[in-house]
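Colleague: Just so you know, the protein sequences line up as chains A and B, in that order. The first sequence begins at 653 in our numbering and counts up one residue at a time. The second sequence begins at 653 in our numbering and counts up one residue at a time.
Note that these hints are calculated values from the structure, not bench results. What you are looking at is a predicted structure, and each value in this text was computed from that prediction instead of being measured. Hints may contain errors.
As the list makes no split between identical chains, a pair holds if one copy fits it or if it spans any two.
Stated by the list, open to error - Derived DMTMM-like pairs (lysine to aspartate or glutamate); straight-line CA-CA distance at most 25 Å:
hint, residue 1, residue 2
1, Lys943, Asp752
2, Lys672, Asp735
3, Lys943, Asp735
4, Lys787, Asp810
Protein chains: 2
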Amino acid sequence: MVFSMQEAKPVLAIDLGGTKIIAAIISSQGQVVAKESYPTLAGEGPQSVIDRILFAIDHLLSLRNIDSSQLDSISIASAGAIDFNQGLVTSSPNLPGWHDIPLRDIVNRRYRVNTFLINDASAAALGEYHFGAGKGLNNLIYLTVSTGIGGGIIINGDLYLGPSGSAGEIGHMTIDINGPRCSCGNIGCLEMLASGTAVAREAIRRIGQGEESSLTEMVGGKIENITAEKVSMAAQGGDSLASDVISKAATYLGVGMVNLVNIFNPEVIIVGGGVAQIGDLLLDPVRQVVKERAFQLSAQAVHIVPAQLGDNAGVLGAAVFALQQKLD
Amino acid sequence: MVFSMQEAKPVLAIDLGGTKIIAAIISSQGQVVAKESYPTLAGEGPQSVIDRILFAIDHLLSLRNIDSSQLDSISIASAGAIDFNQGLVTSSPNLPGWHDIPLRDIVNRRYRVNTFLINDASAAALGEYHFGAGKGLNNLIYLTVSTGIGGGIIINGDLYLGPSGSAGEIGHMTIDINGPRCSCGNIGCLEMLASGTAVAREAIRRIGQGEESSLTEMVGGKIENITAEKVSMAAQGGDSLASDVISKAATYLGVGMVNLVNIFNPEVIIVGGGVAQIGDLLLDPVRQVVKERAFQLSAQAVHIVPAQLGDNAGVLGAAVFALQQKLD
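Here chain A stands alone, though its shape is the one from the complex (with noise of 0.2 Å):
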């Protein structure tokens, strides 16, 4: 186990997404002991928000009343494609004006102490896997749906981030060769037709087109407020076009699985972000496209459930990540 030494020092564990900024104390046990949450304001750029991150440091440090060398680290799992090597957040269609920052550095100069930078939902992988829906479970894929489309690999019990530590990027992998551009440059990516993103999208452009929903009610005739949660509570309440895009949508995450189960053969795919928050609605025609369309003997072996630890995933795992590198 990880957290075997007892007395060892906590980590500040800081999670980095396009809307917020989390950041937690987390014992040696992995206990969240402090925990704090800040809008991101990504639109301010990035020197404005990594501001924001060190001004939550310092403040969950004078609040714990310690400084910095009680650390054992500071583990920050980030949003975007994320350089492991040289501690760089390269990029992330959700942190405008974020290019080759090296975030890493930028943190660990100023408290000198151990600092650690990986991917969101790599660090949702290793907490899930630790703490969540992926406890004892070896091999399992970890899938954020919301704005976008993260991913983290766990294979034999152990985080999988590449040689250069950007494995793991499964909203941007091609499903449809025809299908639209990617921000990432790549076409018909998963993220392009199954994210949040893509979900309201779709309702407003189908709704655009003339086609009745209760949504539009909902908004205020304001369709361009549409949002994946509101075409999720309008499917719930039986409109027929929020459903049928959730539907597809859903058909899209299942093609999705389908080429994750075919590759890797997981034990579980744990289902995390907003769009999960959708449920059964969403997981239960998922479930059904792998069981129709997988190997048999991969597709028997797998379990599509949802997340358990909500958004303590990211910090929780960025944290068990940093306490990992020490013993090694």
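Start from chain A and add chain B according to the hints.
Modeller: Using the frame of chain A, we list chain B on its own:
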């Protein structure tokens, strides 16, 4: 190193493909000390193919003047979906009539020596990793592109088979959600679009619709006799239809590799199988697609190279696999 024991017993390795059966004796140092090849004649059904495998084993043993007790083990690499835990060939598009055939136990009962059964592309991945194009590269994907498309995955220096032993079905990744149905039950699989079978089928279809090509003369007007090899020859001779067919298949293959690069961030993707013999005419456009579409860090990290071991990869890999089990 796997082969550290001097004077250890050799492995008898079998590579069972849709076209031929290769039987070899591999020393504990990884030398091919004897090798024979037989036509599979898969159309005659499982019993007949099994009889040929048993004959091949008997014949090799008598050639070397040894009996099975002098073997470390027998290790079989087979086409198709393998249930590793049960030792079954559960199904294979290239082995008609094979359904849940307990090939491992059939061989084990007759020769009373440790017997292993793994997928042929997984075995080839292990062979190329230890002796071929993947030497020293601990995170790699092996793709065999021939009649179908098979795959094998090496993660941190170990063959990744998944908990059921059915991982690595890279050819059965959907890349065209609106594409043709595959014999595996899935839709728009890479194999349906980029295998040798797909290349031949597409050339036949287009010539059948009236397009001009030197292929028509090459097969004496019998366009049903067009093979991927002939399409490749015609392309190398400057035939524009053949070049276009190869180029489209290369794009499909590139799209599949973008998915693998984004998911695995591998150090190398090794391409084996008959179609890979087309060489850079195929691989250059594949590399171009990866460069254009995959995440930059992962695209920069990966090399896409031809396999080096030819048809020895499967038997060598099967032998490595068996010797590794012994060490555990």
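Colleague: Please go over all the hints and tell whether each is borne out by the structure.
Modeller: Okay, the hints, checked on the actual structure:
For the identical chains of this complex, lysine 943 and aspartate 752 are inter-copy neighbours only, at 19 Å across copies versus 41 Å inside a copy, given an alpha-carbon limit of 25 Å. Within a single copy, lysine 672 and aspartate 735 get their C-alpha atoms as close as 21 Å, which meets the 25 Å cut-off; across copies the closest is 45 Å, which misses it. In this assembly of identical chains, lysine 943 and aspartate 735 lie within 25 Å of each other by CA distance solely across copies; the values are 17 Å between and 36 Å within a copy. Taking the shortest alpha-carbon separations for lysine 787 and aspartate 810, both the intra-copy value of 13 Å and the inter-copy value of 23 Å come in at or below 25 Å.
Of the numbered hints given earlier, the model fails none.
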